[in-house]
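Colleague: This is what each chain is made of:
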Amino acid sequence: MGQTFAQKVLAGAAGLPSVVPGQIVPIRPAHLLTHDNTAAIIGKIKDDLEKYGVVRDDLSVIVLDHVTPAANEKTAAGHKSVREFVKKYGIKNFYDVGVGICHQVVVEKGHAVPGMILVGSDSHTCSYGAVNAFSTGVDRTEAAALMLVGETWLKVPPTIKITLKGALKSPVSAKDLILTIIGDIGAGGATYQAVEFHGDVASLDIEQRFTVANMGIEMGAKIAVFPFDSVTEAYLTSIGVARSDYEPVWADSDAEYIRELDYDLGAIEPVIAMPHKVDNVKPISEVEGRPIDQAFIGTCTNGRVSDFHAAAAFLEGKTVDSGVRLLLLPASRAVLEATLADGTIEKLVRAGGVLLPTGCGPCLGAHQGVLAPGEFCLSTANRNFKGRMGCKDAETALASPETVAASAVAGKVTDPRKVA
Amino acid sequence: MRVWKYGDDINTDMLFPGKYTYTCSTAEEVKPHLLEDLDADFAGGVKQGDMVMAGKNFGCGSSREQPVLGFKAVGIAAVVAESFARIFYRASINQGLVLVECPEAVAAFKDGDEAVLDVEGGKITVGGQVFEFPPLPPEILAIRDAGGLLNYARAKLETERG
Ligand code: SF4
Numbered sequence: 001m002g003q004t005f006a007q008k009v010l011a012g013a014a015g016l017p018s019v020v021p022g023q024i025v026p027i028r029p030a031h032l033l034t035h036d037n038t039a040a041i042i043g044k045i046k047d048d049l050e051k052y053g054v055v056r057d058d059l060s061v062i063v064l065d066h067v068t069p070a071a072n073e074k075t076a077a078g079h080k081s082v083r084e085f086v087k088k089y090g091i092k093n094f095y096d097v098g099v100g101i102c103h104q105v106v107v108e109k110g111h112a113v114p115g116m117i118l119v120g121s122d123s124h125t126c127s128y129g130a131v132n133a134f135s136t137g138v139d140r141t142e143a144a145a146l147m148l149v150g151e152t153w154l155k156v157p158p159t160i161k162i163t164l165k166g167a168l169k170s171p172v173s174a175k176d177l178i179l180t181i182i183g184d185i186g187a188g189g190a191t192y193q194a195v196e197f198h199g200d201v202a203s204l205d206i207e208q209r210f211t212v213a214n215m216g217i218e219m220g221a222k223i224a225v226f227p228f229d230s231v232t233e234a235y236l237t238s239i240g241v242a243r244s245d246y247e248p249v250w251a252d253s254d255a256e257y258i259r260e261l262d263y264d265l266g267a268i269e270p271v272i273a274m275p276h277k278v279d280n281v282k283p284i285s286e287v288e289g290r291p292i293d294q295a296f297i298g299t300c301t302n303g304r305v306s307d308f309h310a311a312a313a314f315l316e317g318k319t320v321d322s323g324v325r326l327l328l329l330p331a332s333r334a335v336l337e338a339t340l341a342d343g344t345i346e347k348l349v350r351a352g353g354v355l356l357p358t359g360c361g362p363c364l365g366a367h368q369g370v371l372a373p374g375e376f377c378l379s380t381a382n383r384n385f386k387g388r389m390g391c392k393d394a395e396t397a398l399a400s401p402e403t404v405a406a407s408a409v410a411g412k413v414t415d416p417r418k419v420a
Numbered sequence: 001m002r003v004w005k006y007g008d009d010i011n012t013d014m015l016f017p018g019k020y021t022y023t024c025s026t027a028e029e030v031k032p033h034l035l036e037d038l039d040a041d042f043a044g045g046v047k048q049g050d051m052v053m054a055g056k057n058f059g060c061g062s063s064r065e066q067p068v069l070g071f072k073a074v075g076i077a078a079v080v081a082e083s084f085a086r087i088f089y090r091a092s093i094n095q096g097l098v099l100v101e102c103p104e105a106v107a108a109f110k111d112g113d114e115a116v117l118d119v120e121g122g123k124i125t126v127g128g129q130v131f132e133f134p135p136l137p138p139e140i141l142a143i144r145d146a147g148g149l150l151n152y153a154r155a156k157l158e159t160e161r162g
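Quick note, the sequences are listed as chains V and Z, same order.
So for the first sequence, the numbering used here puts the first residue at 1; every next one is plus one.
So for the second sequence, the numbering used here puts the first residue at 1; every next one is plus one.
FYI, nobody ran anything at the bench for these hints, they're computed from the structure.
Don't take every hint at face value.
When the alpha-carbon atoms are kept at most 30 Å apart in a straight line, the in silico BS3-like pairs for lysine-lysine are as follows [claimed, not checked]:
#1 V:386 to Z:123
#2 Z:47 to V:282
#3 V:392 to Z:5
#4 V:155 to Z:5
#5 Z:72 to V:392
#6 V:92 to V:165
#7 Z:156 to V:392
#8 V:8 to V:44
#9 V:92 to V:109
#10 Z:123 to V:155
#11 V:74 to V:386
#12 Z:47 to Z:156
#13 V:44 to Z:123
#14 V:282 to V:392
#15 Z:47 to V:386
#16 V:74 to V:8
#17 Z:47 to V:87
#18 Z:156 to V:386
#19 Z:31 to V:44
#20 V:282 to V:87
#21 V:74 to Z:31
#22 V:282 to V:418
#23 V:169 to V:8
#24 V:155 to Z:47
#25 Z:31 to V:392
#26 V:92 to Z:156
#27 V:80 to Z:31
#28 Z:72 to V:46
#29 Z:72 to V:74
#30 V:169 to V:155
#31 V:8 to Z:156
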């Protein structure tokens, strides 16, 4: 019997010829991602660090992004303690305020490559499945233990196989695809399972794959992974990662799956995840016309170059509705530079958009763009949980950059196909 | 001893609002905000030995571990759910919070029922009915017995590096 991607990667890590779902295997991840939470993590192991140091200076990838620039004294002090830790232990991969959102930075800087195992103390660590990596989230205690010993355990997950056919019809986007899938599978429908994407994946570029893999956790998945192909290789080459630096892994054709689903990409329509659950997915026709107070384009889900290009197609030469605040948040400095250079940011700002510093910003409600009671925000982020954007009496709904941009102009939820 | 009962897909923002994630990390800082946006009575009313019971996918959402820390700090004896989100599950193992996956017990529970847990025996009694749940695998028990993952890692370092 063939093996799935997860089985092959984990068997390889454990030095076993094969593993079965449910089996627990020891792993030594290539990297451990932590962000602003590094401060709390190292706080747990202060004395141990003094005594033993870190297990490897190239294990950690640390990105300050969650509350950046610091919102108050406490977050500033947290950032400072992380910088001191980085210096003291010679941590090789550190990215300070302004480089970008952790997941974007990990991929952009070439820290995640095909076939590699990475863990991170952030739930959206599953994003790197976009480049054929096995990556998943862990908690802070586990991150602390990893810094000391470099080893942890993973349970081999059973796998859901999702086969994609055809191509998306613009302005329908990868966000509509993944929201549709989550609506079908449910917020917990893939818990403790892996998700593999098969079929016509070549029609999705790396940024679209990133959007899809990023939201794997919103159906509970341990990993959400794409195969390695010429699209992956071209992307990795473009960021300076040589083909000889990694070994892609993919499932055998006779691997065993617990569930198989097929999606016709041409039939996907614009959808919107209404408050307060990501699987509360509705066709846009059911929500059209609802007035919005804030429109948010950014985050690790949809803050990349193609997302801003897509938004600009709806905003260029137009003006954001007077009742709407449009927030723009590039996922990294590299994204900002590229969209500045090609004039996209100018178009968006001229249309009335407010450019925020790269980082997580309003996504987690800690600062910048917090909502007021009763307000409705249409966002390209990955979560619409109650209170997520800082106010439990506000509402957030999730959609594609195309839908958010079209809606910002109209001042109400708008089907991008009708104004394209 | 009281059972605090909630529904499906209780996410970490409901258990502990994201806006506090980078300002509250110790047990004392976390306690007053536990379940703030889900159940305003919880933080003030919870007592040592109480149990939390919920539906599917408990603890979904972010990787923040403050809910686990908070549950431990207020003395929650166990969280019993139909199923758990995986990062929350790991965080609980790593911190030594007892989780019980037992859909039948959750289905049987009615308001006001007593619940009695026997972790070692893999049994939970709800309203007079006894339900069994599978014991934890040995790898996980080793972590629990060491007093959580950090102590487990420390023991390992002691042997390896002295
Ligand atoms: S942008 Fe939002 S979802 Fe992404 S890492 Fe930051 S807080 Fe998390």
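Colleague: Each of the hints needs a verdict: does it hold here or not?
Modeller: Against the structure, the hints:
1. Between residue 386 (chain V) and residue 123 (chain Z) the alpha-carbon distance is near 34 Å, which puts this suggested pair outside the 30 Å criterion.
2. At roughly 41 Å between alpha-carbon atoms, residue 47 (chain Z) and residue 282 (chain V) are farther apart than 30 Å, so this suggested pair is violated.
3. For the given pair, residue 392 (chain V) sits about 20 Å from residue 5 (chain Z) by alpha-carbon distance, which is consistent with the 30 Å threshold.
4. With a C-alpha separation of about 29 Å, the suggested pairing of residue 155 (chain V) with residue 5 (chain Z) holds against the 30 Å cut-off.
5. Annotation: proposed proximity of residue 72 (chain Z) to residue 392 (chain V) holds, straight-line Cα distance about 25 Å (limit 30 Å).
6. As the CA atoms of residue 92 (chain V) and residue 165 (chain V) are separated by approximately 42 Å, the hinted pair breaks the 30 Å bound.
7. Using a Cα cut-off of 30 Å, the hinted pair residue 156 (chain Z) and residue 392 (chain V) is violated, with the two alpha carbons roughly 43 Å apart.
8. Proximity of residue 8 (chain V) to residue 44 (chain V) is assessed by CA-CA distance (about 34 Å); at most 30 Å being required, the pair is judged violated.
9. About 13 Å separates the Cα atoms of residue 92 (chain V) and residue 109 (chain V), which keeps this hinted pair within 30 Å; it holds.
10. Of the supplied pair hints, the one linking residue 123 (chain Z) and residue 155 (chain V) holds, its CA atoms being roughly 24 Å apart against a limit of 30 Å.
11. A hinted pair counts as satisfied when its Cα atoms are at most 30 Å apart, and residue 74 (chain V) with residue 386 (chain V) qualifies at roughly 25 Å.
12. For the given pair, residue 47 (chain Z) sits about 35 Å from residue 156 (chain Z) by alpha-carbon distance, which is inconsistent with the 30 Å threshold.
13. At most 30 Å may separate the alpha-carbon atoms for a hinted pair to count; residue 44 (chain V) and residue 123 (chain Z) exceed this at roughly 33 Å.
14. Of the supplied pair hints, the one linking residue 282 (chain V) and residue 392 (chain V) holds, its CA atoms being roughly 22 Å apart against a limit of 30 Å.
15. Straight-line distance between C-alpha atoms of residue 47 (chain Z) and residue 386 (chain V) comes to about 26 Å, which keeps the hinted pair within the 30 Å bound.
16. With a C-alpha separation of about 44 Å, the suggested pair residue 74 (chain V) and residue 8 (chain V) falls outside the 30 Å cut-off, and the hint is violated.
17. Among the hinted pairs, residue 47 (chain Z) with residue 87 (chain V) is inconsistent with the structure: their alpha-carbon atoms are about 43 Å apart, more than 30 Å.
18. Proposed proximity of residue 156 (chain Z) and residue 386 (chain V) is contradicted: the alpha carbons are some 41 Å apart, above 30 Å.
19. Of the pairs offered as hints, the one joining residue 31 (chain Z) and residue 44 (chain V) holds, with about 18 Å between alpha carbons and a cut-off of 30 Å not exceeded.
20. A hinted pair counts as satisfied when its Cα atoms are at most 30 Å apart, and residue 282 (chain V) with residue 87 (chain V) does not qualify at roughly 49 Å.
21. With a C-alpha separation of about 18 Å, the suggested pairing of residue 74 (chain V) with residue 31 (chain Z) holds against the 30 Å cut-off.
22. Distance hint between residue 282 (chain V) and residue 418 (chain V) is fulfilled; the C-alpha atoms sit about 17 Å from each other, no more than 30 Å.
23. Distance check on the hinted pair: residue 169 (chain V) and residue 8 (chain V) sit about 34 Å apart at the alpha-carbon level, beyond 30 Å; violated.
24. The hinted pair formed by residue 155 (chain V) and residue 47 (chain Z) fails the criterion: a straight-line CA distance of about 34 Å is larger than 30 Å.
25. A hinted pair counts as satisfied when its Cα atoms are at most 30 Å apart, and residue 31 (chain Z) with residue 392 (chain V) qualifies at roughly 18 Å.
26. Restraint check for residue 92 (chain V) and residue 156 (chain Z): the C-alpha separation of about 25 Å stays at or below 30 Å, so the hint holds.
27. With a CA separation close to 26 Å, the supplied pair residue 80 (chain V) and residue 31 (chain Z) stays within the 30 Å bound.
28. A C-alpha spacing of about 21 Å is found between residue 72 (chain Z) and residue 46 (chain V), which places the hinted pair at or below 30 Å, so the restraint holds.
29. For the hint pairing residue 72 (chain Z) with residue 74 (chain V), the CA-to-CA distance comes to about 24 Å; that is within 30 Å, so the pair holds.
30. For a cut-off of 30 Å, the pair hint linking residue 169 (chain V) to residue 155 (chain V) is broken: about 38 Å separates their Cα positions.
31. About 28 Å separates the Cα atoms of residue 8 (chain V) and residue 156 (chain Z), which keeps this hinted pair within 30 Å; it holds.
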